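Letter by letter, the chains look like this.
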Amino acid sequence: MAIKKFAVAAYDDEEVLFPAVGKVRHSGYKLHDIYTPFPVHGLDVAMGLKETDLHIAGFIYGLCGTSTAVGFISWIYTSDWPINYGGKPHFALPAWIPITFELTVLFAAVGMVLTFCYLNQIMPGVKKHVFHPRQSDDLFVIALELNDHTSEEEAIAFLKSTGAKETSVQMAEESWWYGRWDKEEEYEKLNTSIAR
Amino acid sequence: MHIKYESFVREPLVDGNKDYHQVSEDIIKPIEEKPGRMWYVGFFFALALLGFGVFSVGWAVYWGLGTWGVNRTIGWGWDITNFVWWVGIGHAGTLISAILLLFRQGWRTGVNRAAEAMTIFAVMCAGQFPIWHMGRVWDAMFVLPLPNTRGVLWPNFDSPLLWDVFAISTYFTVSLLFWYSGLVPDFALIRDRATTKFRKMMYGFASFGWTGTAKNWQRQEALALVLAGLSTPLVLSVHTIVSFDFATSVIPGWHTTIFPPYFVAGAVFSGFAMVNTLLVITRKILKLEDYITIGHLEAMNKVIVLTGSIVGIAYLTELFIAWYSQSWGEMEAFKWRILGPYWWSYWAMMTCNVVSPQLFWVKKLRRNIPFTFIMSIVVNIGMWFERFVIIVTSTYRDWIPGSWAYYSPTWPEVGFYLGTFGLFFTCYFLFSKYFPVIAVSEIKFVLKTSGDNYKRAQAKFEEQSEEEFIAAATHHHDEEHHAEVAHH
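These protein sequence lines map, in sequence, to chains H and P.
Using my numbering, the final residue of the first sequence is 200, and nothing's skipped along the way.
Using my numbering, the final residue of the second sequence is 743, and nothing's skipped along the way.
Hints in this document: simulated from the structure, not taken from any laboratory.
This one's a predicted model, so the numbers in the text were calculated from it and none came from an experiment.
Treat each hint with caution, since some may be false.
Here are the simulated SDA-like cross-link-like pairs (lysine to any residue), alpha carbons at most 25 Å apart as the crow flies [as the list claims (entries may be wrong)]: (1) Lys455(P) with Asp142(H); (2) Lys164(H) with Ala50(H); (3) Lys452(P) with Glu192(H); (4) Lys131(H) with Ile286(P); (5) Lys92(H) with Thr82(H); (6) Lys470(P) with Asp142(H); (7) Lys169(H) with His276(P); (8) Lys92(H) with Ile64(H); (9) Lys688(P) with Pro128(H); (10) Lys455(P) with Glu280(P); (11) Lys455(P) with Val74(H); (12) Lys688(P) with Asp281(P); (13) Lys557(P) with Thr487(P); (14) Lys470(P) with Arg184(H); (15) Lys455(P) with Arg184(H); (16) Lys92(H) with Ile506(P); (17) Lys164(H) with His276(P); (18) Lys164(H) with Glu192(H); (19) Lys455(P) with Ile286(P); (20) Lys54(H) with Lys470(P); (21) Lys452(P) with Ile283(P); (22) Lys452(P) with Leu194(H).
Starting from the given sequences, assemble the full structure and let the hints guide the process.
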């Protein structure tokens, strides 16, 4: 838990958001994150984010599935309990292809989704600070992290100059915590006094 | 900055004067309001059907499978017919959500959520049939490769029936994950809009704490793309493996190499018909005509006429190969199929699946909603008969004339089938009430390219020549670049 101060700007159009992101990156302010209601293509590039490696993880999980299936079935049929099924050889690889394929897909999909949840730090019961209730609806929200040496007024003035429709200063937990979405946190009450 | 421009040859995917907020309003509103009276009537009717199904299955489990009409000659009756039928229906959802994603078909965004839900519910229904067909259902875990005390007896990994266990369970799991990974952002939207504490808590839990950061979305898109890439061969493999249940046997009428593609085409055919059945009603009741447009229905009718024709060619190929093989068993099997005691099922299949979908070559009929609805029912009846024809009319006259038999279902079999309708529609009614039936974030993603009002604003590009368009676009880009440089 680390509660920090953020300067928050909400934009109502991605055409305004993109130039604003460029200005933020060159301004020297620390960009905490950008929240959008849908995937905005090119935003990751504009922010300088790396391409995700999730698909590589998926490939590795898939290989695990393949080797699990082939290893398990061949161990059973050649060493643990060899049975003669209709004269087929004990090591009947072609007959195992369907199950091998299914397990490859299963391992890759389940593994990727779990990795996706881990990387994004999402899980049932996890709570994160929502900077603007319409960030999942129609607004694009930029959050700048402020410290003791940054002036709130200057940060807000800067964000307004980039075309922000709404701005605010908020105290927020920067990471996730276990919590209930229907319960208001103590620091959220604190925000009402500093909102502008 | 990229140009959000799409040719006018393409119809708008979202009708009406929509902005991002209006999209959220239109799709989330039915969740936040009390459902209408028709919803309650439909839901409780589905629940009653489900109850009757549970009773019918309970009856068969208590008294044994002797209560079913299946016999020594015809071992697979309505149960396996219904299993194949339901699995087939599921296939359209994956085709829409995965294969059309890979093909970059924008129109899938309007229908993929509901179609994928249909897949999951259909696979749940399908899975019931092999399980209760086991008779001694308490031994159902014998199909799983679990360490056991039966002399460490493992299942037969060389058997298509075991491949089915793996295929169906993998298909269900992967479809569920794919569907839910798309639902999470939309649940977050409902959570952030929620006005009651209970709704905020429930959707907060269901949304996994999603906030939609740029990195989250980047990973979400990567995940969707790879899951689509995995689901595409998966969905083809599932009905291929179902067809192996028949094709790897030595029964005349089953032992054919054409079965895998023929089954997959038939599955997509019946699945799209079921999507049409559901969406024609859903769009009307939930007032989503702007998102599931006639253009969407027409696109699906085009798939129906294509796959219907593939299925028709497969039927004719079967007949040709039976004659070409000059194997008397094969030839007799097909002769009896067409002219034997079950002639009516063959001709019902031919009429519903091959003849009637050809009407969809007419554009007026493709865009006619009542006709689309009636055709979707006809196709589903036809595809049910296809499975019945394959299963029953290949087995009822076997190699020993003394064991030739006839089969008709008893009430527990019919009740079981009705019960799966109950299960399917109970799930679908709950889905349409508590889940966003259209992928909100995906609609917003295509809105500025394919929304009606945004497309109309692009009319000026249509009048430009190609050179003018390119010149204007590059000039605009240069200007922006200079502005950026000047700024620093």
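Each hint, compared with the structure:
1. Lys455(P) with Asp142(H): holds, 19 Å
2. Lys164(H) with Ala50(H): Holds: lysine 164(H) and alanine 50(H) sit about 20 Å apart, inside 25 Å.
3. Lys452(P) with Glu192(H): holds, 16 Å
4. Lys131(H) with Ile286(P): holds, 22 Å
5. Lys92(H) with Thr82(H): holds, 12 Å
6. Lys470(P) with Asp142(H): Given pair lysine 470(P), aspartate 142(H) holds - Cα atoms ~18 Å apart, limit 25 Å.
7. Lys169(H) with His276(P): holds, 15 Å
8. Lys92(H) with Ile64(H): Not OK: lysine 92(H) and isoleucine 64(H) at ~32 Å, beyond 25 Å, violated.
9. Lys688(P) with Pro128(H): With Cα atoms ~21 Å apart, lysine 688(P) and proline 128(H) stay inside 25 Å; holds.
10. Lys455(P) with Glu280(P): Distance ~17 Å between lysine 455(P) and glutamate 280(P) Cα, so the pair holds.
11. Lys455(P) with Val74(H): violated, 46 Å
12. Lys688(P) with Asp281(P): With Cα atoms ~14 Å apart, lysine 688(P) and aspartate 281(P) stay inside 25 Å; holds.
13. Lys557(P) with Thr487(P): The given pair, whose Cα atoms are some 20 Å apart, holds under the 25 Å limit.
14. Lys470(P) with Arg184(H): With Cα atoms ~24 Å apart, lysine 470(P) and arginine 184(H) stay inside 25 Å; holds.
15. Lys455(P) with Arg184(H): Roughly 9 Å between the alpha carbons, so the hint for lysine 455(P) and arginine 184(H) holds.
16. Lys92(H) with Ile506(P): holds, 20 Å
17. Lys164(H) with His276(P): holds, 22 Å
18. Lys164(H) with Glu192(H): With Cα atoms ~23 Å apart, lysine 164(H) and glutamate 192(H) stay inside 25 Å; holds.
19. Lys455(P) with Ile286(P): holds, 13 Å
20. Lys54(H) with Lys470(P): This hinted pair holds, its Cα atoms lying about 9 Å apart.
21. Lys452(P) with Ile283(P): Within the cut-off at roughly 17 Å; holds.
22. Lys452(P) with Leu194(H): At roughly 20 Å apart (the allowed maximum being 25 Å), leucine 194(H) and lysine 452(P) satisfy the hint.
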